[in-house]
Amino acid sequence: MNDPVKIAEGVYWAGALNPGLRVFDVIMRTEWGTSYNSYLVRGAEKTAVIDSVKEGFFGEHEERLSKVCDLRSIDYIICNHTEPDHSGALYRMLELSPKAVVVCSKPASVFLQNILNRDFECKIVGDGDSIDLGGKTLKFISAPFLHWPDSIFTYLSEDAILFSGDVFGFHFSAENIFDDLTPLSGDMRESQKYYFDVIMSPFKKYVLDAVKKVRSLHIDVICPSHGPVLREGPREAVDRYEAWSKDILNVNDPKKIYVGYVSCYGYTKTLAESIHSAVVKEGLRCEIEDISACAHEACAEKIHASDAFAIGSPTLNRDALKPVWDVLTSLCAFRLKGKPAAVFGSFGWSGESIRFISDRLRGLGADVIGSCSSKLKPDERKKLKPPN
Numbered sequence: 007m008n009d010p011v012k013i014a015e016g017v018y019w020a021g022a023l024n025p026g027l028r029v030f031d032v033i034m035r036t037e038w039g040t041s042y043n044s045y046l047v048r049g050a051e052k053t054a055v056i057d058s059v060k061e062g063f064f065g066e067h068e069e070r071l072s073k074v075c076d077l078r079s080i081d082y083i084i085c086n087h088t089e090p091d092h093s094g095a096l097y098r099m100l101e102l103s104p105k106a107v108v109v110c111s112k113p114a115s116v117f118l119q120n121i122l123n124r125d126f127e128c129k130i131v132g133d134g135d136s137i138d139l140g141g142k143t144l145k146f147i148s149a150p151f152l153h154w155p156d157s158i159f160t161y162l163s164e165d166a167i168l169f170s171g172d173v174f175g176f177h178f179s180a181e182n183i184f185d186d187l188t189p190l191s192g193d194m195r196e197s198q199k200y201y202f203d204v205i206m207s208p209f210k211k212y213v214l215d216a217v218k219k220v221r222s223l224h225i226d227v228i229c230p231s232h233g234p235v236l237r238e239g240p241r242e243a244v245d246r247y248e249a250w251s252k253d254i255l256n257v258n259d260p261k262k263i264y265v266g267y268v269s270c271y272g273y274t275k276t277l278a279e280s281i282h283s284a285v286v287k288e289g290l291r292c293e294i295e296d297i298s299a300c301a302h303e304a305c306a307e308k309i310h311a312s313d314a315f316a317i318g319s320p321t322l323n324r325d326a327l328k329p330v331w332d333v334l335t336s337l338c339a340f341r342l343k344g345k346p347a348a349v350f351g352s353f354g355w356s357g358e359s360i361r362f363i364s365d366r367l368r369g370l371g372a373d374v375i376g377s378c379s380s381k382l383k384p385d386e387r388k389k390l391k392p393p394n
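Taking my numbering, the leading residue of the sequence shown gets 7, the next gets one more, and so forth.
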């Protein structure tokens, strides 16, 4: 049965479960499905719903909500984040809750205009704004780029509950929605880090900004938009996000250079080794790796974490090889902007791979500072120098 779950007096989980989901947003593995979490907060005078669900799951969502309130009585619909897995069914909510006012950030209001394609009453909120439901006060915290420009947190001060949008959650579906009732295996805990890496890691600076704001709050429960409600260790979730984001602050560490390559006959490998040797002689840390021998997501993360990088591929049938493209399509433009890059490779007669890789990196915002190539086997009499 689709029953709501009580979190605190007047506070309920009323979302929807998608246990069969195995791929999210085309690119993300979801071995344990996901949930589209929505919450109802009822005060003495007003009622608010925090976030909607993905289109196609509204029936389950409506059934849960209707067991704790008359949908016509809903006064506010808070949109912490307008990605369609949290707003796709919002138009159905507005049809059944005609007096409801949508509460969201200014960027969210623009996105919703293009999702709903209809007129709706909207209240714009930001840092320090609040709504009194009658003994239940919703306070709003700006959390931009976590992971869209529109994101906000909603804090229920009387119950010390933080509704955190996509932050602090992960893809997991379980009837027992509380973390203490859903023991997590090691693989599931790895899923939390995987969720962070894919969705939040491009925005580590913004994660740290949000963590700073959250640290000032007394929090007993975190209610994210995906996965379990965190009532056993909400502070630990904040600590994890802070630790995972702090690598961007290690500005005093020696510079890290990453050299990744694929090689058919060892010619491009020879170029890679020459670059590696030249970089090390400059006193820099440098990792060299055969891209075809490791997961492309791991290679992409090493590029993201580097201070500069070089990518190499031979040309085969007038193109770079597939493992290189797998890495290139896993890179995040937010984390490459302005990062120095170099491209290298061997070829037999045409040599397009260097141009294609360079164009892709420039399109992502990397600063391609140079390239080197070899027609078939590199001539060891010619010395390579690292780009300045």
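Because the hints were derived from the structure by calculation, they are not lab data.
Where a beta carbon is used, it is the ideal one built from N, C-alpha and C, also for glycine.
Some clues are possibly wrong.
Quick list of the computed label-pair ranges, beta carbon to beta carbon [what the hints assert, rightly or not]:
#, residue 1, residue 2, range
1, G344, E101, 14 to 24 Å
2, E51, R246, 34 to 44 Å
3, R246, E288, 30 to 40 Å
4, E69, N120, 27 to 37 Å
5, P189, R28, 32 to 42 Å
6, V29, N120, 36 to 46 Å
7, R241, E196, 12 to 22 Å
Simulated crosslink set (DSSO-like; lysine-lysine; CA at most 30 Å straight-line) [stated by the list, open to error]:
#, residue 1, residue 2
8, K252, K275
9, K145, K262
10, K218, K287
11, K219, K328
12, K199, K129
13, K287, K199
14, K145, K287
15, K343, K218
Hint-by-hint comparison with the structure:
1. G344 x E101: 14 to 24 Å: 46 Å, violated
2. E51 x R246: 34 to 44 Å: Given range 34 to 44 Å: holds, Cβ gap about 37 Å.
3. R246 x E288: 30 to 40 Å: Distance hint for R246, E288 holds at roughly 36 Å.
4. E69 x N120: 27 to 37 Å: For E69 and N120 the Cβ distance comes to about 29 Å; the hint holds.
5. P189 x R28: 32 to 42 Å: 22 Å, violated
6. V29 x N120: 36 to 46 Å: 25 Å, violated
7. R241 x E196: 12 to 22 Å: 21 Å, holds
8. K252 x K275: 33 Å, violated
9. K145 x K262: 42 Å, violated
10. K218 x K287: 40 Å, violated
11. K219 x K328: Judged against 30 Å, a Cα distance of about 43 Å means the pair is violated.
12. K199 x K129: 34 Å, violated
13. K287 x K199: Violated: K287 and K199 sit about 35 Å apart, past 30 Å.
14. K145 x K287: Not OK: K145 and K287 at ~55 Å, beyond 30 Å, violated.
15. K343 x K218: The given pair, whose Cα atoms are some 25 Å apart, holds under the 30 Å limit.
Against the hints set out earlier in the document, violations occur for numbers 1, 5, 6, 8, 9, 10, 11, 12, 13 and 14.
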